[in-house]
Structures are given as structure tokens and as C-alpha cells.
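Trainee: Each chain, letter by letter, is given below.
There are 2 protein chains.
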Amino acid sequence: MAIDETVHRHKYLLDEDEMPTAWYNLVPDLPSPPPPALHPGTLEPAGPDDFAPLFPMDLILQEVSQDRYVDIPGAVLDVYRQWRPSPLFRARRLEQALETPARIYYKYEGVSPAGSHKPNTAVPQAYYNAKAGVTKLTTETGAGQWGTALAFACALFGLECEVWQVGASFDQKPYRRLMMEAFGATVHRSPSDLTAAGRAVLAEDPDNPGSLGIAISEAVETAAPDPGTRYALGSVLNHVLMHQTIIGEEALLQLDRAGESAPDLLVGCTGGGSNFGGLAFPFLREKLAGAMDPVIRAVEPASCPSLTRGVYAYDFGDTAGMTPLMKMHTLGHDFIPDPIHAGGLRYHGMSPLLSHVYELGMMEAIAIPQTECFESAMQFVRTEGILPAPEPTHAIAAAVREALACRDSGEEKVILTALCGHGHFDLAAYDTYLSGRMVDEEVTDARFAEGLATVPSVG
Amino acid sequence: MAIDETVHRHKYLLDEDEMPTAWYNLVPDLPSPPPPALHPGTLEPAGPDDFAPLFPMDLILQEVSQDRYVDIPGAVLDVYRQWRPSPLFRARRLEQALETPARIYYKYEGVSPAGSHKPNTAVPQAYYNAKAGVTKLTTETGAGQWGTALAFACALFGLECEVWQVGASFDQKPYRRLMMEAFGATVHRSPSDLTAAGRAVLAEDPDNPGSLGIAISEAVETAAPDPGTRYALGSVLNHVLMHQTIIGEEALLQLDRAGESAPDLLVGCTGGGSNFGGLAFPFLREKLAGAMDPVIRAVEPASCPSLTRGVYAYDFGDTAGMTPLMKMHTLGHDFIPDPIHAGGLRYHGMSPLLSHVYELGMMEAIAIPQTECFESAMQFVRTEGILPAPEPTHAIAAAVREALACRDSGEEKVILTALCGHGHFDLAAYDTYLSGRMVDEEVTDARFAEGLATVPSVG
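Note that the protein sequences, when read in sequence, are chains A and B.
Quick note on numbering: our numbering labels position 364 of the first sequence as 364, and the sequence is numbered without any gaps.
Quick note on numbering: our numbering labels position 155 of the second sequence as 1155, and the sequence is numbered without any gaps.
Check before you lean on any hint, since a few could be wrong.
Unchecked claim - Below, computed lysine-lysine pairings styled on DSS-like, alpha-carbon distance capped at 30 Å: (1) A:413 / A:131; (2) B:1287 / A:11; (3) A:287 / A:413; (4) B:1287 / B:1413; (5) B:1131 / B:1413; (6) B:1011 / A:131; (7) A:11 / A:413; (8) B:1131 / A:11.
Simulated from the structure, these hints should not be mistaken for laboratory data.
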């Protein structure tokens, strides 16, 4: 075989000292503010006090902040610096396999101890809670990336951590639970009989596979009445997306180092929106400032297409209806998505901030079925060597679609995407694909009608 | 809780352009050459032709090379550069938890696509085979780190890959097999009924849990008669250890960047010796040149203590006796180690080159039982955040021992170790430990007598 002996550059690193020291808040740069969350009883805008049983005040203030930048505390910077800045890779071997003139870059968050982007917010959340004297955090997790990240962060700041994991993922991915336990967390299968919310679901359907909405209800119900316990959410909320902007801030510096003035396309997967917002918001800032004009495209799973098939309306963040009402693209808080392998994308709603950005026409969205995602993932792993988690296979599939279009058109587009985590705990999904047992999701209107009917009529 | 807001430096990176471009060959720098391998029939020193059915000539010449440095080919450098140079971490939070004045550094090889140091040799082995027109490689694997690495390398160079995995690990770690399959490899449980060697073992004991020695026999038997197929070994041989020296070469540069003139202790785990040799040999070069004087300490599992309880004698590398005879520390080629979780350390013999270095008195060795290793691993994961593979838990346990001795003595020693892989596929081992089901290995003389009796009488 003829072997190419050329030595290329594959990654663009930054030193610890070059890491951004502030998170970026998109809200004040938007042409109009996102609609406020509403108290579910009064339907009045929810104030800081409404969130106080769940979050420490520092995070509540970040949630409603109008500051463009928020300094990252020293103790959080110190933890970030263990794995950050994360590398930006150029996918040279994938480009070659696709015979595309496009240049594909991916920001890889799988280098974190938890294996995903989730520690970017888990660490500050644990930090602010510890600083406020909280001793225990509860949370939900789907595939387990978020639960693992919070378990890691709690171990560093001396907090107890109790996790409700969506039943379908709990059963599919036993190693994820063990990883959380290795960090010292307690993990329950959701729906559980430990909470009223869980018992109500089980009474109706003892075989309910769970959903993020149910698991959130269980975690919130456990945290709210206990003054030493607070709740942590891994996506959706403004402060979570803000913590993730370190991804995009680093990527801006790294693309520049790669000699690229701007991406032509920025594409990422969306579940609750934190990975996508984290990468996209700093680029949106540049776009709003007229410094660049990338197409910004969200990719959601065909099984849970909140942006492309949901309604933009006030809905609950959880199944039991315990959270404030948030205006977002939603499939209905009672919607139970198909048990696809991208457990982290199985959420009925979209981040209210990202939903607002979408409504403003600043980004676009598509949905891709899971077999196409895994087909692209196989091309990726056999060229780039990194096994993607099922969630970012959606981003890879969209990048591959664009790269193939460039092959046909001859355009040398710059494509930037986020590989938000590795798939080391998701090999059962690859087994399903490789053995030919993977099927695409049902995407008829009828499939979504029942969930959409549970969206409350507000305002 | 009082939170320390100090920002520290956690890692020492090198740019791709700073990566060493040559492997280091320790052999010509030694005061005496290691004893040659012997042809098992004639008992004469084995020549290149004796190895030709198994390896391409480029690798055979490296095996017997007297050159101090061998240039790394461009195509190999290009693959290395995806994840190399790997980071050198300072274990600041572990130091703090241990209340030690020692400074602990670990070179982390888990950032490779396969999750361990093994691609450092898998990639050049696949490269030289592809260059020689070989179309398929066979190999053995224990825990699966090596099989995964070779599967990855074969995918990049267009080679088929067929792996025999030790039965005990095949059963314990199904995700490892899936990872190899994701890279396109075919994986068999060893002993298998596909080879005469496997069938002979199964005839005697249908429940034989397998060993690296048996799996090597199966892979060698399959490769030798087929001119398009060659065999690849993941440790033990000189060329394998030489490929791994990139670890130590980088670590030398990185320690210097950390402001350390030399380690006081270099400690690593040993199975076949490639991770340890890879880290230690460049430091041994400096030691031989009088530039530094670190204590160099190998750590082996109590269940498979070839250096500390084996004999230094000619023995076969495999169970069926198909390989050349190699002078090494061995527990006997028929020895079946206890099914401990560090599958990668369950090999009856030690690298002949490392055995020779040990006999020359240039390094020391200890054995540590597995519960102490996992106890240290738990301290490590809950401070450093990285989940170690069971193999390097031995290195961590030894580093912790030394750090605690420093706490008692007040010595500010510099401890350097290698975290040769992550444990994402080894969580069943952590489950065993966390649930209190892990037991230490049997280490009586009687346990090793039967294996030692199978060492042939040669010379």
C-alpha cells in the first residue's frame, strides 16, 4: 500500500494560562430579552425567591444577569485547568475519507475527567453551592454524562451527590452508574419509589422507562424541602449555558491559531441546549457584532425534535409540574421519547434562551435519525480514532452531510462542530448498530400529538 | 466550607512540533548486551530469518538494532500527533489529600484514541507491516488495551485485524470487545477451537479462563503459515519497548518545563514491561550518563510477580512453546495467574531487556496486592478525577506509599509515574472493590511451584 509520509498538524492547543477567565452572557447582546420564567401558581414572572429552594443565590443571580461577562472564580479556574483548554482538532483523515475540500474542525470535550462538556457547569455549580454552605446536591441524569460530571465536582468540593438516572439508560449503561459511584455518588433508577413523583408514575405504569422530565421531578422534590440540600440542573437554564461558553471562547482563539478567520458553518447537537449554546454563543456575539457570518445550525434527534416539531410555549421543565413555567420549544412535559441511544438528547424541552435565539431567526435547526448518525460515527471512529458518544454523532452526521455537499459543489467551507463527549460507556449502542439491530425513530405527527396535548395554555 | 481560590498549574504540555522524532534504543548504552533469543530446536541464537514468519523485516532489524536512536517515520509521526505529546500532570489534589511534601507527577497516556500507551507501538507495527505488503495482523490481548490499540492502528493503515482475547477478560469486559469491533477488528475468546493450541487447552480443561501465553499461541499459529498475515506483539520485545520510549523522552522535556531537574523516584507498573520501559529507558540513559540518579522501581501484581518471584532463565513466550526461547524472569510458560482485574499484567514472563536491566542492578522491583492498588485508585479518582485502569493502580499505589513515607520523613521528593491508561472499560473491577468483594491474590510458594516447574532447562 502507498503510504503518505506527510506530517500534518492535527490539533490546536492553548496553554492553561491562555484559558479565558470569564464566561460570556449572550442575553444583554440580544435585540430583545428572552421571556421570563413564570411562577406556576400566579403566572407572574418568577423572582429570585422562587428559585431559592433549588439554587444558591450566586447561581440565581447569574440566571438573571445582565452582565455581558462573569468572572470565573479562582477555585473553578483551578479545576478547569486540569483538562482545559480542551483541544480543537482538524479532522484531516475524515476529510480525506470523504474526499471533501471542506475543512472540518471539532472541539473535543471528551478529555474532561467525566468524559464530556458537563463538568464545565458541574464544577461551578458545586463550587457556588459549597460556598453557600450547602452539603448535598440532587440531580437527574439521562445517559449519565451529567450525573458523572456532578459526582466528580461534588467529590472535589466535599458535597454529597444523589442522582436519579432515567431507567432506560440505567439499564443500558451499568458502567455509567459505577463511574458515578466511583466518584462517591448515590444513584437511583428513575422512576423510583423514593419520591411522590416517582411513585405516581410507577402506579400508572410499573414498566415506565423513565424520562429526564420524571427524573427532574424526583430530584427537585427531594431537594426543595431540605435546607442543606439543593438541586443542580445540567442544561436548559441560562447560567448553565453561560458556564459552557468557555467552549466557544476557546474555539474562537483556536480557530484563529489554525489560520481560519471564521467558520462558514457551526453545527452542534441539541438536547437541552447547553453543549450547543456553549459553542455557539461566543460566535453569535461575533456575528451580532458583524465580525463574521457563520450559518449556525442545531441538530436534534428525530425522536425528540423540540425545535423542529415542538411548539414555542410556556411549559414545565419536569413531568410532575414542579418547576417554574418556561417559554421554550417543547414537545410537552409528559412526552416520553423513544428509548434511543442518545439518552442525553431525550428531553421534551429546549433551553428557553436558545429557543428565543431560534425565534429571533439567528440560527436554524434540523433533525437526523439515529442510524444515519451511527453511520457517520463509524466513519469518524475509523478515521479520527475517537469513539463519539451517541449525542454528538448527530453533530458529526450533520458535518458529514455538509462536507459531502462541499465535495459535490467544490466549496472549501470551514465546518466547526463540537464532539461533546466520548462514547466509552455507550458501546451497547454501537453493538446495536454493528449487529444491524438499530432502527430509526417513529416520526409521524401522531407520535408527538399526545405529548403536545400536555403543553399548558398560558398567556 | 473554606475554599482555596488559588490557581495552580496542573499540566505540562508540549506542542506537536516539540514531539521527539526518534525512538531511543537502550541496548547499545548498556554495560553488557542482553542474552540473545534462542531457536527452540537448535538452541542456537535466533537470526532474523527465524522471526520472518511473524514480523516484517523492518521490525526484526529494530529488534536487534545497535543504533541508539531510530527515526520515527513520517506517517507514524502524523498519527502520533493526533494525541501526542501526551500531558504530564502534577497530582496537586492527591498531594494535598495525602498531606505530603512530595511532588507527584504522572504522565497520562489515556488520552490516546485507544485509551492507553499501546498505540505508541501499535501504530508503527501496523505501518511497517502495511509497508511490507502484509494485509492482516493477528494478536493476543488481555484486558483489551493492546487489542484496541492494534485494531485502531489497523483501521488507519487498511489492515485486517484478528484478536484472541484472554477468556477471563473477554467475559469481564464486553465493552472492550465492542470497542475493538467498532474499529473493525474480529475478536475471539481464547482459548478458542480455531487453533490446535486452543483446542489442546480446551481438551484438557474446557473451563480454562485463558492466559496471555495461550492467546499468543493462537495468534502465532494463525499468522505463521500465511504469507499475507503477520503477528503483532504488544509488549516484551525490544522493538516494542523502543517504540514506547517516546513516553520517557516527552516526560524528560516536560519535567524540565516543570522546573524539576530530575525525579527522585520513577515508578511504573510492569506486565510485559513496555509501559515501564517506555517511561524508564530515557531516564536510565540519563542515569548511565551521570546526569541524574533516580531510584527506578517496577511494580508488579502480587498474583503474577515475575521479577520478584520468578526465575531468570530461558523460557517460551507462549504456552504452546512456539516462540523462540527468551532469557527472562518467568513464572513458567504454563503458569495461569489468578484472574485479577489488571488483565494486562497477567503475563508469565518479563521483557528480556528489562530482565537484563534488572539483573544488572539498575532498577528494583516490588509486588503489591490488588486491594491496596484499588484503595489508592479511589484516592486518586476522587482527587485527580481520572479513573485509572487496574494496571496503573499498581503504580499509583507505589507512588502513594512513597508520598506517605515523605509525609513522615518530611522529604520533598519528586515522584514520577505513568498513568498508562484509563479504566473506562474496567468498571466491573471498581464494582468488585466498592462492594467489598475484592480479595487479595494467593501468594504462597506453593501457588507458583507448578508454573515454575514448566520452565525448560536450557544452557
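Trainee: Would you check the hint for residue 11 of chain A and residue 413 of chain A, treating anything up to 30 Å between C-alpha atoms as holding?
Mentor: 18 Å, holds
Trainee: When you check the alpha-carbon spacing of residue 413 of chain A and residue 131 of chain A, does it fall within 30 Å?
Mentor: 46 Å, violated
Trainee: So if I understand the rule, the pair passes when the alpha-carbon distance is 30 Å or less; does residue 1131 of chain B with residue 1413 of chain B pass?
Mentor: Roughly 46 Å between the alpha carbons, so the hint for residue 1131 of chain B and residue 1413 of chain B is violated.
Trainee: Assess, step by step, whether the Cα of residue 287 of chain A is no farther than 30 Å from the Cα of residue 413 of chain A, and give holds or violated.
Mentor: 17 Å, holds
Trainee: Can the restraint linking residue 1287 of chain B and residue 11 of chain A be considered satisfied, given a maximum Cα separation of 30 Å?
Mentor: 34 Å, violated
Trainee: Given the hinted pair residue 1011 of chain B and residue 131 of chain A, is their Cα-Cα distance within 30 Å?
Mentor: 26 Å, holds
Trainee: Does residue 11 of chain A lie within 30 Å of residue 1131 of chain B when you go C-alpha to C-alpha?
Mentor: 26 Å, holds
Trainee: Compare the distance between the alpha carbons of residue 1287 of chain B and residue 1413 of chain B with 30 Å, and conclude whether the hinted pair is satisfied.
Mentor: 17 Å, holds
In the structure shown, a violation is registered for the earlier hints numbered 1, 2 and 5, in ascending order.
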